[in-house]
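As a plain string of letters, each chain reads:
Protein chains: 4
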Amino acid sequence: MIKAGIVGGTGYTGVELLRILAAHPQVELAAITSRKEDGLPVADMFPSLRGHVSLAFSAPEKADLNACDVVFFATPHGVAMAQARELLAAGVKVIDLAADFRLKDTAQFEQWYGMPHSCPDLLEEAVYGLPEINRAAIATARVVGLPGCYPTSMQLGLAPLLAQGKALVNESTLVADCKSGVSGAGRKAEISTLLAEAADNFKAYSVKGHRHLPETVQGLQAIAGRPVGLTFVPHLVPMIRGIHSTLYAQLLPEARDIDFQALYENHYRNERFVDVMPAGSHPETRSVRASNMLRIAVHRPAGGDLLVILVVEDNLVKGAAGQGVQCMNIMFGLDEATGLMHVPVLP
Amino acid sequence: MIKAGIVGGTGYTGVELLRILAAHPQVELAAITSRKEDGLPVADMFPSLRGHVSLAFSAPEKADLNACDVVFFATPHGVAMAQARELLAAGVKVIDLAADFRLKDTAQFEQWYGMPHSCPDLLEEAVYGLPEINRAAIATARVVGLPGCYPTSMQLGLAPLLAQGKALVNESTLVADCKSGVSGAGRKAEISTLLAEAADNFKAYSVKGHRHLPETVQGLQAIAGRPVGLTFVPHLVPMIRGIHSTLYAQLLPEARDIDFQALYENHYRNERFVDVMPAGSHPETRSVRASNMLRIAVHRPAGGDLLVILVVEDNLVKGAAGQGVQCMNIMFGLDEATGLMHVPVLP
Amino acid sequence: MIKAGIVGGTGYTGVELLRILAAHPQVELAAITSRKEDGLPVADMFPSLRGHVSLAFSAPEKADLNACDVVFFATPHGVAMAQARELLAAGVKVIDLAADFRLKDTAQFEQWYGMPHSCPDLLEEAVYGLPEINRAAIATARVVGLPGCYPTSMQLGLAPLLAQGKALVNESTLVADCKSGVSGAGRKAEISTLLAEAADNFKAYSVKGHRHLPETVQGLQAIAGRPVGLTFVPHLVPMIRGIHSTLYAQLLPEARDIDFQALYENHYRNERFVDVMPAGSHPETRSVRASNMLRIAVHRPAGGDLLVILVVEDNLVKGAAGQGVQCMNIMFGLDEATGLMHVPVLP
Amino acid sequence: MIKAGIVGGTGYTGVELLRILAAHPQVELAAITSRKEDGLPVADMFPSLRGHVSLAFSAPEKADLNACDVVFFATPHGVAMAQARELLAAGVKVIDLAADFRLKDTAQFEQWYGMPHSCPDLLEEAVYGLPEINRAAIATARVVGLPGCYPTSMQLGLAPLLAQGKALVNESTLVADCKSGVSGAGRKAEISTLLAEAADNFKAYSVKGHRHLPETVQGLQAIAGRPVGLTFVPHLVPMIRGIHSTLYAQLLPEARDIDFQALYENHYRNERFVDVMPAGSHPETRSVRASNMLRIAVHRPAGGDLLVILVVEDNLVKGAAGQGVQCMNIMFGLDEATGLMHVPVLP
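Residue numbers (my numbering), protein chains in the order written: chain A, 54 to 400; chain B, 54 to 400; chain C, 54 to 400; chain D, 54 to 400.
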């Protein structure tokens, strides 16, 4: 059994980790920390866990995280990098759901997250936890920085196009029009995500720049091995879970005869958590609700030169906690899908 | 033109007051105060008001509220009672949307609101602003304490039963099972009313006791002229606006032959904002959305001895701002429906 | 492995059965019938099942249901009773999610469902599939009629009160104010449950009489061994899944000193799928979302004589498909919770 | 007073017309037809209209539409063109909310709507009812074909860019990523727009081609006087009302120094129902809920060469009924905003 600890389990990615790990056949939940909620049984905060999780939150200094095999950080940005070194020294693997180990460029990290990076050496060692791109590196990683929810959908949606030896689309004018449920904003007391503000409403936000942009560009460039230009426009959808990314790429003339449906199916034919749907499909976010699956559909409206890629995922699962567990499975040599075969909840 | 001021216009009852008053043909919006937002144009906070309200928030000491004819308090409890005396002295009428002038018993006020009442004399003078019950007193009032949103629906739903010379129902075992949209919780940063918490969810709350209970009992007893016993169970509905109260009253044997449909229709036959629907109706909250109308349906399932009264209102209009304007119209001798004839927004 | 067939898998209870059975370790999905969708892979209609269910719908005459060990009917009322006899003759157990085997009184069935009962003998043999009440009978049953979604919540909510040797509450004036998500109305093209009609809205319906009333009264009387009088008022909540029942019972004077919290906890202390929450709790429907759990809280507002019982369940799981699988487990001698230990999905 | 008739008032655009016209100071509602609902008071179907609309539906042959000054068609496609000739002959002006008089090319009409056009001569005469583009022609029109909901937002969002003498953006690669509430699908019994299907869900639809594409291209080309290429991807949002269009246009090098904020503000400086918001704004659909306003924000992320235009409107008002009344006001020489100054309903 893998002994797993969670730092910061009071947010949405934390409770989702608990939902998944509580039923994982190879995991023993060893500790979950929260200074503020020290002593409170987790199931008192989240009654959905009654009968499934008997742990109580404990203050960090009381939790023996060093005795864990793996520790997940479901914390605000900045926490994981402050604690990772000690854990690694104790032989504990670290999986960060926040942004501390995503951006390889510390200047970029500082620019977008407003704090200096405290352990550039670990950052260099850290592996970006997107299994469909980085599986081999994840297998041997000590520190994994999990992708953001939007970046997961954008990268997996564009990877088959960019991973070819030569450019198939105009790689400098990619557009990602993304839509997310409000759980992506976290379990934080804020007016803008109140039901009375966000329900029966739709809006874009952060059009001038969002933290997930540099991370995604970094990832896309790694896939392509070439510079990539991306415009990313996030929107808030009045729903709880789910991300729908609508991706636009302008075909190059020399790529007009490619069968992109076949290209995508072929690219992902061995992936357990990426489903390329039949041609003409319109994936719905609810078709992946509460599961680790990501679904893709490839369109070319009117047979023209604009590819339209539709991608859906559950932002809390494939976009966060589920992907973390997928990485953990890989890091510990388990079948990658262990504990992750939830059938999506529909309706 | 009536010069109207608003203290505390950054919450939902405040913006609703602005929506209604901005289009009121006899009102000039003179001032709206907010210490925190001093200088900010109201329409910058609420873009829905762009082109309709040109006022900016001003700090209380800058706003010449004493020059108003009427001042509405859309503030937390405790603010109106601190400022009312000075306004009254200046000849300004006061309409409080909070609870400062609702409960006649100061001990009860202190028990439920956790603060002593600072002006018992004004409290004694204040009129409870439920026009269908207190119209004459409102007409001459200097201070009006508007009912809470739930109490409006409960009192108007039960009044025809209790207003008779003798008891028709068991007045000691009344039950009000009430359901409210989340705007009733106000525009406050709280986790429990986030969309990700409150959507696709339903729960009761405050079952052991809610502030609107003593107010409602006080009102029902005033209507009946007899002691009344009420159990009130509020619930939170994943919607923005609307209250639906389902009221249960046990018929007394001597009342079994009464035509309650006729009794209700007759009781409210002259009311502009109470609509007794045809027998067998199931009023929907959306049928009064964004309007000052309250609708009632009277049921007697299986012809038995339990009366079931269904009441719907928009909690922000008839349950708050609209009722405030209705009182203002009465206090200033206008037609009671002036500026309040909005057609409900459906769908 | 239990070979399971499903008749009528295109509705919400059908797809929920598929979600649960596809992951059930002791079940092999053998057939799913739909005349209209003959040949269509189930996962084409419900993409959430891609990778989990490879079956296609087949016309009834093509499906070899007689070779199944158990057949679930997720059909409109009237279908199961037409086909049950032949299946039973072939040694197949039958679990009906519709109403054909709920009401023991055929006259009552005809009155509420508008059709004569076609096999009164099977009806007599059939067992009402509420394990917490009828476990032993279910274990040996050939035909199980599953309770309706509302009746499950009302009966389990009131059972501890009624199951005592003598009356503790006024058993003739029970009130159930129930609220359901719209999936309870089924996957049927109807205007009244369109999102544009039902969202941001709340209403009661069927106040003069609902089909779940006679079934619930029958069940409560069986529990009590005495006549029971119940008023049942259902409401529609703008959410997908979930039922919240608020139950009111007037205490008899001789019961005033009973510790009802203890009484409930004791009554359900051995139940896997009934959770009596701590005193003062307000269970939320989302705390059981997508799980077979039902949660109860017991209140006595202001220490008075009215008991208020709050009950939540997922109408599609404990209120339908999950309860069906729970019964199947019992009928086939499996651990009752096999395949039913889903952690509820929150948020 | 303008005598107005409505053909087909049982859908969402019909009830919205009623909401607006019932309060219009210069309109008398003369007739509303529905063969199916002949005799039914309109307010029995839509209780929101109780006390505001006393008309009953009447069968077409009973309604004296020829005595009206104007008749609105809130009907399925094909109805208006069948009845327009007779009305025009009687001197009645016709405003069609459906598509009969939108597409000038009858072959295109037939291709997208699956029926031949029955009166090409009237089609030629008909004016496209987008006042901000066609005001003068509308003023003298006998037949107005109102734009679709999506096309209104796309055309008004792109017009300032295309209306210049020379191209500023790549006019052959425009992209419109549009999101609509479900009321856009109409008040029709369909499974896909049930709350249990569409809530807590997001999806694209009709990516390979939507009827609003040819109409929008026709309009944009008329504005530009040049060929235009547009990719239009509609999405369904789990909300009742509102359209949010996110428009992408690639700047031409020679346009890089243009101040697009100023260009937009200047273009619409005299418009009553188009609000160009301050630079950096993110318009929300709720900021125009239940009003005829359309709001636009102009972005240029990272100062790059991709313009991102955000547009919001209420699909039932500026996208349908409100725009119809705006056209009517113009056609009858009234102030264009008469009866249309509703303050948006927020929250």
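Treat the hints as calculated values from the structure; they're not laboratory data.
All values derive from a computational prediction rather than experimental measurement.
Watch out, some of these pointers could steer you wrong.
Unchecked claim - Keeping only pairs whose Cα atoms sit at most 25 Å apart, straight-line, the calculated DSS-like set for lysine-lysine is:
#, chain 1, residue 1, chain 2, residue 2
1, B, K241, A, K89
2, C, K56, C, K115
3, C, K89, D, K241
4, A, K56, A, K89
5, C, K89, C, K115
6, A, K241, A, K89
7, A, K56, A, K115
8, D, K89, D, K157
9, D, K89, C, K241
10, D, K261, D, K241
11, D, K219, D, K261
12, C, K241, D, K241
13, A, K241, B, K157
14, B, K89, A, K241
15, C, K241, C, K219
For the pair we were handed, K261/D and K241/D, check the Cα-Cα distance against 25 Å.
23 Å, holds
Would the pair K56/C and K115/C pass a check requiring their Cα atoms to be no farther apart than 25 Å?
16 Å, holds
- Regarding the pair K89/C and K115/C, is the alpha-carbon distance no greater than 25 Å? Status holds; Cα separation ~13 Å.
Between K89/C and K241/D, is the straight-line Cα distance small enough, at 25 Å or below?
22 Å, holds
Are the Cα positions of K241/A and K157/B separated by 25 Å at most?
Roughly 38 Å between the alpha carbons, so the hint for K241/A and K157/B is violated.
What's the verdict on K89/D and K157/D, does the C-alpha distance respect the 25 Å limit or exceed it?
32 Å, violated
| Hinted pair K241/B and K89/A, Cα distance within 25 Å | 22 Å, holds
- Query: Is K56/A within 25 Å of K115/A, Cα to Cα?
  - Reply: Cα-Cα ~16 Å, so holds.
Report task. Sort out whether K241/D lies within 25 Å of K241/C, counting only the CA atoms. Result -> 12 Å, holds
(request) Take a quick look at whether K89/D and K241/C sit within 25 Å of each other, Cα to Cα. (result) Within the cut-off at roughly 22 Å; holds.
Does K89/B pair with K241/A here, judged by a C-alpha cut-off of 25 Å? 22 Å, holds
(request) Assess, step by step, whether the Cα of K241/A is no farther than 25 Å from the Cα of K89/A, and give holds or violated. (result) 14 Å, holds
Hints 8, 11, 13, 15 from the earlier list are contradicted by this structure; the remaining hints agree with it.
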